[in-house]
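Q: Sequence:
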Amino acid sequence: PQKPGSIEQKIADYYASFMDVDRLNALGIAPLKQDLDAIAAIASKRDLISTFARADLIGTESPIGAFVSIDRKDPNRYLLTIAQSGLGLPDRDYYLAEGERFEKIRAAYRAHIARMLHFAGYDDARAAAAADAIFKLETELAKVHWPRTELRNRDKTYNVTTLDGLEKNYPGIDWRGLFTAAGVDLAKLDKINVAPPSAVKGTLKLIDETPLAVWKDYLTFHAITGNASYLSEEIDDANFAFYGKVLSGQQAQRDRWKRAVQLVGARDGLGEAIGQVYVARYFPPSSKAMMVELVENLRRAFRERITNLDWMGPETKKEALAKLEAFRPKIGYPDKWRSFEALEIRRDDLLGNVKRVRAFFHEDEVSRLGKPTDRDEWFMTPQTVNAYYNPQFNEIVFPAA
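Converting from the sequence shown to this note's numbering requires adding 893 to each position, the first position being numbered 1.
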């Protein structure tokens, strides 16, 4: 048996909790009841905004997306970005585009919403009415969303402001309350990026105009569908019937053990913990030293080639060599491992495990604001068979696998 609290215990118990189908079937919707009760108890716009702020922790949707990432115009700092969000279908086209394929998907989606609401105790009439209202709300959201082509425009989606500027230009919502409920330290929130400005304005108008009861139904549906994989087979299969079969054309779910490996081994799961075990077993320091030497030989050869180029002027050579010197290879695994000590994983509590993992990474994300970027961070796990170049940090990364 693994030592309690060790990464091996956490990996094994997280995997086992996903594989314990008998327990999940016996529990049904019960693991989600606390969150569904909290949604049902929403009594004011303030409650609603607070729930939106914690949507990713609950596993439901929010019409206002927010995330912390490296500032694309200043790689030395982190930036909070507000983004469009909140649709249950892949993007706005699925709600607005014409054609038989989209019409079939829309009809199937409405039926799916009603079916999932039955698990929360809605009767047929209430589920059908709620499904219509939710679909109508998401269609209105889709209308204000930017199309994918616009979202790819790096200039149009970079609109940096301050918290005061956000409140002035995007009124109608308690931004400070939203960020505080999400665990953000307002003192460290000096800059905010509004990715699609008109979409955010349109969303705020919808939040204001849509009855609280519709938002509660919306949050209930998305909480069930967003957590279906961690509940009973009946709920999981009902969710797959739409998202797997109708939307993706998959006829059968993947083997459960493969889904368990994907969940546990994700980068925002215990992927790095598994990497630690993998490296200890399959990638000794001698292997890392060999790879470091290989990369240094390549750098040396490249330096010689630049120095001897006829067509490159002295100033250009100087800049190219400076970039080569600044170029940073990362080999095998991080020099400093992420600590999972504070994360509790229990063999008998799958949804609880998922929520604690979400909270663990959410806290890590918001804690970055106001700090310099972590240049030792890896964006791939050591056991991933791949490699990447990160232009923001001018680094090339070769995972151990």
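These are computed hints drawn from the structure, not numbers from a lab.
Note that the coordinates shown come from a computational prediction; the quantities given were computed from them, not determined experimentally.
Treat the hints with care, as some may be off.
What the hints assert, rightly or not - Here are the simulated DSS-like pairs of lysine-lysine, each with C-alpha atoms no more than 30 Å apart in a straight line:
#1 K1229 / K896
#2 K1151 / K896
#3 K1229 / K1084
#4 K896 / K1248
#5 K1109 / K926
#6 K1229 / K1151
#7 K1138 / K966
#8 K1061 / K1094
#9 K1094 / K926
#10 K1264 / K1216
#11 K1151 / K966
#12 K1049 / K1084
#13 K997 / K1049
#14 K1094 / K966
#15 K1181 / K1229
#16 K896 / K1181
#17 K1229 / K1248
#18 K938 / K1248
Q: Provide an ascending list of the numbers of those earlier hints which the structure does not satisfy.
A: 7, 9, 11, 13
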